[in-house]
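Chemist: Kindly generate the complete structure, drawing on both the sequences and the hints.
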Amino acid sequence: MVEDTGKTLRADTYRPVNAPEPVRVEEDASGCPVAVREKRRQAAISIEDRWRIDDEWWRAGPVTRLYYAVRLASGQRLVLYKDLNDSGWYRQNY
Amino acid sequence: MSYAELHCHSYYSFHDGASSLEELLLRSKELGYRALAVTDHDNLCGAMRFAQLTDSLGMRGIIGAELTIKGGYHLTLLAKDRQGYGNLCRLITAAHASGERNEPELPPDILPEHASGLIALSGCPRGELSQLLAKARFTEARNLIRQYLDWFGGENYYLELQHNLVFGDTERVKALLALSQETGVKVVATGNVHYHIRDRHQLQDCLVAVKNCRSLEETHRERRSNSEFYLRPQPELESLFRECPEALQNTLEIAERCTFDLTRDLGYAFPDYPAPEGYTPESYLKKLCHEAAVRRYGSVTPAVKKRLDEEFRLIRKFRLAGFLLMYHEVIKLGREVMIDQGLSDPSLSLEENPPGRGRGSSVALLAGYLIGLSHIDPLQYNLSLERFLPDDIMTNVPDIDLDFPRSIREDLILRTHQKWGWEHAALTGTIATYQIKGTVRDLGKALGLPETEIDHLARQSDWGSARKLGKKMQRMPNFKDKIDAPVWRDLIRLAAELDGFPKYMGQHPGGMILSSSPLIDIVPVQRGAIEGRYVCQWDKDSIDDAGFVKIDFLALGALSQLQEAIELIKQRTGKRIDMSRIDFEDTAVYDMLCRGDTIGIFQVESAAQMQTITRLRPRNLLDMAHEVGAVRPGVGVNHGVQEYLARRTGRKPVTYDCPLEKRPLERTLGVVLFQDQVNQLAIDVAGFAPSEADRLRRAFGRRHNEELIERYRQKFLEGAKSRGVSEEAAEKVFKKFNGLYMFPESHAFAFGVTAYQAAWLKFHYPLEFFVAIFNQQPMGFYNLETLKEDAKRHGITVLNPDINKSDSKCTIEHHNVIPAKAGIQNASHPTPLDSRVKPENDRRGSGEGGALRLGLLSVMGLGEASTGAIEEGRRKGDFKTIGDFLERTGVLEEVALNLTGAGAFDSIESNRRKVKWEIGLRYRSINSQLPLPLPVEQDLVALEAPGEWERMQEEYNVLSLFPVGHIMSHLRPRFNGGFCRSKDIEKLGDGAAVTTAGLVIRRQRPHGKVVYITLEDEFGHIPCMVFGKVYERHEHKFRSPFLIVKGRLSRREGTCNVVITQVKPFSALDKVPPSKDFR
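Chains as they are written, first to last, in my numbering: chain H, 1 to 94; chain Z, 10001 to 11079.
Simulated from the structure, these hints should not be mistaken for lab results. Only a predicted model underlies this, so the values are computations on that prediction, with no experimental measurement involved. All C-beta atoms in this analysis are idealised placements derived from N, C-alpha and C, irrespective of residue type, glycine included. Where hints are given, some of them may not hold.
Some, not all, of what chain Z presents toward chain H, calculated at C-beta under 10 Å [unchecked claim]:
no.: 1; residue: 10165
no.: 2; residue: 10166
no.: 3; residue: 10167
no.: 4; residue: 10168
no.: 5; residue: 10201
no.: 6; residue: 10205
no.: 7; residue: 10214
no.: 8; residue: 10220
no.: 9; residue: 10224
no.: 10; residue: 10228
no.: 11; residue: 10240
no.: 12; residue: 10243
no.: 13; residue: 10245
no.: 14; residue: 10486
no.: 15; residue: 10487
no.: 16; residue: 10490
Examples of chain Z residues toward chain H, derived with CB under 8 Å [stated by the list, open to error]:
no.: 17; residue: 10169
no.: 18; residue: 10212
no.: 19; residue: 10216
no.: 20; residue: 10219
no.: 21; residue: 10226
no.: 22; residue: 10227
no.: 23; residue: 10447
no.: 24; residue: 10460
Modeler: Now the structure itself:
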């Protein structure tokens, strides 16, 4: 159950769920992530999975992403994607 | 490492595969793949083409399919050998027999009995094994594997690993690898390919949307999630499967084991013919020929014997006796149908009244003529066997198309199914492909473009390839600004990609294949759209490649017309004309043809034919064959027609690009007119083998064929060089090949004969000719209004339908009528003077004093039920009043009103407005309560009769013609100052300025730069031409039914055209007879 905060609901307080967040990533020569830099640099010790999405190519903002599920040195599992349109890296829960 | 792709969908996976076979093969070859298997969904529609292409391109091809198993699961099957291929065909047939039509589903318990010779792969994510793993039902998964091992054997069953970077693929592959380790079943990597290059994923997305009849936005779940279903480079595959390299290695192992070659190993044999006791097929055929020769010639003359000996040498060599006798059986079946339908006299011999006509190379056989296959006596017309059936190119079955009158064809198809059984006789498939209109509609909807705009664009785009969509839009005021707009530019780009794609498989209207061994061992067969029909999955090209005996039951409207005309002549004269024995050198008939008086005459009535025949000026049947063959897209594209005519009239010399062209082209003055000449050029100039020459010719007609043609060109040049032909000359010869249609010479000959016969009838028996052509509509190039005008020019009066005089179909009335002047008289009431039946030897007489009475079926809204009711009601005597008619026939009010508009009640009451009023008062619907018999006479009022314009408008509305006149006569007052009439134009000289107006009756755009438009006024026709660019600029104006045109008169070599420079549409009627528009 979601706790009732008692706040008044307003349209401008809505925000998208699970919006991708930009993140700094170091790549190897083949474009695979080798390290992620958020608050600190963490090496990606393995890539557990990889998948790709191509959609909405008929719209102004096509979706072309290459996802990686990486295991960091800390043991944390992170899902990143590279946006193949702007070459930026983002993290997103998956 | 190398790789073989074993799971690939071509565009024959309808609305799923997004690349052609050529694209897939060429890309596979570029990527260094060792082999490619095409595994379309539940069909082998493209299998023969694929096999031919792999042969031409030097690539290993494997035949397979992705079958849908009950429950909607997918299974991949590959044919190792001939037995495996046969089993694959049977399984696909069973899948189509079990499921709903167009939703095949194979019951899995059939698999074990048809597993031999096949390799099974566990399938894509929609495979049953993958589905069980996704639900963590591991025990069932293991059981399923055991079952397939049991059915196929350990060596023939593999777990299929697919990794297309879809979320979940990694997990599934891991699970399958674990199962492989546990069970010992080998794994194999496949690409689940749906297109050849990544970018093509967009078209594939659209195809999925089209398949689901929704937009891209609405099919998010149905579409693939990414663009990874393409033929991938090997390094990428190696990276994806680096944990299990054996999966890639096993693709090669499987490819090595699949050795079946469809072009070589099919083993189709001609159907056997069970000859009567004491005979072999050959001796029985000889017997039939000799008996017919005695009937035909009085005896087996030396000429007949010599020719038959020559033919039987070929028949023996190629084992054709059974093949010809089988056609003979079909002809006999056709004869039975004709007799049952009352269309033939049982006392006549088969060759005197053949039910159909053969065309194709076999038309040159005397044996064919004698057993009723052909209507042409090759001895009489000196048709050499060598020309039509040369020994050295007899690699394929000589094909015979049999044309039948429309009325007998349906029955004949059913009887053939019954006689041979559906497993041995199936209809030919036909693949409908995307053209511009369908492309615009389907892609427009998928892309979510506004429906009304897409509808408008589609309506405006009725001609041409979808690749030209951008150019067409450029010329449309409402669309030219959208060319670079978002989504619209995607439409243009994707339309070019989709052009020519297979859309669905349907049934060929009349092609049937026959086989002694079960057909389902050779090609899958599925139910047709019509109950009781079965269709094989190959179209006629694939069937030709396979060398099947194929019979085309073609319903030729012209044959129906000739048949009916002959019957009408017999009714009038008591004598049946044997059309094979008419004078084929009648000067008067040729004079008529050379004048361009060819409306209604089979094969020579189009605008382009009319332009040509007045220049070619045929005087014999060979000329007719050249006339018929010359006006084909494949000849016109290289200016072949103009060149031939110039050489024929001596304006240009007969030349050849190299001496080796002489044998193939000498008889047509050095110009390619016929399809067979293309083959012969490839053989004589470049040394191609006959079968290869045929593949070269067909390759030109395929889409996405650029690379394939380039390979053939190189081979042609090399071959020509080895024969001493210079490169320059060889290039010139090669340029003569194109993919557009040309007739085989034998077809042209057969059609030329039929065209002459139609012309002979038109000249000597015009009344019967026109009655027959009216009754056989729709057919031909002209609407009824134009046919009516031509009938009038030939002295025939066309009479409105009449409730007391008309049958359901058009009939002859032998009244001496005063020909109705345009727009004045009512043609229902000819002035009866005397009834004359022309004596049979008055060959020109039937036109004078004869009239064509329009049948009741000519009236809009009347069908067999209504006309039957009227004819039945009339048995008790003529209808006297409107009330009497309504009561006795019980027809619907709308029917009665339409009959009024057509003038059918004029003999009872000429004021049509009054008739309609009375119908409104008296009509009682038969489904309502019993009517009170109340009087209506007190409500009948005096009403003004409709005027000429109103009657004309209504007759155009309900009859599509105006029997007594022509609309232009009513409009003439608008066009008196400075406008030429058709009869005025005849007097003008070359270069004269012309302004004229008329109703558009025909538009034709043969492949080339010129559009032919024919206008009609009350005096005749005005042939016009407009250059392509002018037409395209003003296309929307040219589409109007009424046009004012300005231009200059061009007279050349007997032709006369107004070359249009300006056009202006004008309006006249709400509804007009539609023009006939052709490419």
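Chemist: Could you run down the list of hints and mark each one as holding or not?
Modeler: Results for each hint:
1. 10165: holds (4 Å)
2. 10166: holds (6 Å)
3. 10167: Holds. Min distance 4 Å.
4. 10168: Hint on residue 10168 of chain Z: holds, closest Cβ of chain H at ~8 Å, below 10 Å.
5. 10201: This interface hint holds because 6 Å falls under the 10 Å limit.
6. 10205: holds (8 Å)
7. 10214: violated (14 Å)
8. 10220: holds (7 Å)
9. 10224: holds (9 Å)
10. 10228: OK, holds: residue 10228 of chain Z within 10 Å of chain H, min 6 Å.
11. 10240: holds (9 Å)
12. 10243: Violated - the Cβ of residue 10243 of chain Z stays beyond 10 Å from chain H, reaching only about 12 Å at its closest.
13. 10245: The hint is violated - residue 10245 of chain Z has no Cβ within 10 Å of chain H, the shortest such distance being about 18 Å.
14. 10486: holds (7 Å)
15. 10487: Since chain H brings a Cβ to about 6 Å from residue 10487 of chain Z, closer than 10 Å, the hint holds.
16. 10490: holds (6 Å)
17. 10169: holds (7 Å)
18. 10212: violated (16 Å)
19. 10216: Since the shortest Cβ distance to chain H is 6 Å, the answer is holds.
20. 10219: violated (11 Å)
21. 10226: holds (4 Å)
22. 10227: holds (4 Å)
23. 10447: holds (6 Å)
24. 10460: violated (23 Å)
Hints 7, 12, 13, 18, 20 and 24 from the earlier list are contradicted by this structure; the remaining hints agree with it.
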